[in-house]
Amino acid sequence: DTEVTQTPKHLVMGMTNKKSLKCEQHMGHRAMYWYKQKAKKPPELMFVYSYEKLSINESVPSRFSPECPNSSLLNLHLHALQPEDSALYLCASSRQGSHEQYFGPGTRLTVT
Amino acid sequence: KNQVEQSPQSLIILEGKNCTLQCNYTVSPFSNLRWYKQDTGRGPVSLTIMTFSENTKSNGRYTATLDADTKQSSLHITASQLSDSASYICVVSAIGNTPLVFGKGTRLSVIA
Numbered sequence: 001d002t003e004v005t006q007t008p009k010h011l012v013m014g015m016t017n018k019k020s021l022k023c024e025q026h027m028g029h030r031a032m033y034w035y036k037q038k039a040k041k042p043p044e045l046m047f048v049y050s051y052e053k054l055s056i057n058e059s060v061p062s063r064f065s066p067e068c069p070n071s072s073l074l075n076l077h078l079h080a081l082q083p084e085d086s087a088l089y090l091c092a093s094s095r096q097g098s099h100e101q102y103f104g105p106g107t108r109l110t111v112t
Numbered sequence: 113k114n115q116v117e118q119s120p121q122s123l124i125i126l127e128g129k130n131c132t133l134q135c136n137y138t139v140s141p142f143s144n145l146r147w148y149k150q151d152t153g154r155g156p157v158s159l160t161i162m163t164f165s166e167n168t169k170s171n172g173r174y175t176a177t178l179d180a181d182t183k184q185s186s187l188h189i190t191a192s193q194l195s196d197s198a199s200y201i202c203v204v205s206a207i208g209n210t211p212l213v214f215g216k217g218t219r220l221s222v223i224a
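Residue numbers (this note's numbering), protein chains in the order written: chain A, 1 to 112; chain B, 113 to 224.
In short, the hints are calculated from the structure, not lab data. These figures come from a predicted structure and were not determined experimentally. Using N, Cα and C, we set each Cβ at its ideal position, and we do this for glycine too. A hint or two may mislead.
Derived EDC-like pairs (lysine to aspartate or glutamate); straight-line CA-CA distance at most 20 angstroms [as the list claims (entries may be wrong)]:
#1 A/K40 to B/D181
#2 B/K169 to A/E58
#3 A/K38 to B/D151
#4 B/K113 to A/E58
Below, a sample of chain B positions facing chain A; criterion: calculated Cβ distance under 7 angstroms [unchecked claim]:
#5 S143
#6 P156
#7 T160
#8 P211
#9 F214
#10 K216
Per label pair, the in silico range of CB-to-CB distance [said to hold, decoys possible]:
#11 A/T5 to B/N130: 43 to 51 angstroms
#12 A/A80 to B/G153: 22 to 30 angstroms
#13 A/P69 to B/S221: 39 to 47 angstroms
#14 A/H26 to B/N130: 34 to 42 angstroms
#15 B/T168 to A/T112: 16 to 24 angstroms
#16 A/H77 to B/Q121: 30 to 38 angstroms
#17 B/N130 to A/A80: 47 to 55 angstroms
For reference, chain A alone in the conformation it holds in the complex (with noise of 0.2 angstroms):
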């Protein structure tokens, strides 16, 4: 298996509500990263896991709360969004000290 799966690959949700995005890979894959994409825009790092554990955060909003469960899930968990959050939401895997990432298909998420 050598893919990363996304779901769900549409969502649309009020600036109120609370909903979580999922990631998932089964390729023994120990870094896991969250991206952020606009439209015509190249994708932004939010956040590094490695081992299950936070590595990189750059700065993003606490509106957006990312877990690790295990090894091969990623979690983004969403609450109190602002309309200019909607975005294509990126989630990718890579071995340990490798550069070379597995992208899954994104999630479009539209804030109302």
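Chain B: place on chain A using the hints.
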């Protein structure tokens, strides 16, 4: 500052024609360079990965070149197809535990 610049920003070509996309980088110390294809609203898919010692790498109709001395890379697409319409992103890694550096991408449109 580590940067990746891509050109052109966008490109329209006729089906069956060839095209070449350019990538210049200032990332140092250089580890490797990847070209990704990203369909609209989807996650990036890796086309090629090249290290310092590699000059050329092919993947079907895609051929990437790397000149580590001038810090330039190109992606050549042969006999383009309508399905090649996508954004092509150049991504460069530095040695060490540092985030990937993404170019802004070239938006390619192949028309019949």
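Does the structure break any of the earlier hints, and which numbers would those be?
Of the numbered hints given earlier, those the structure breaks are 1, 2, 7, 11, 15, listed in rising order.
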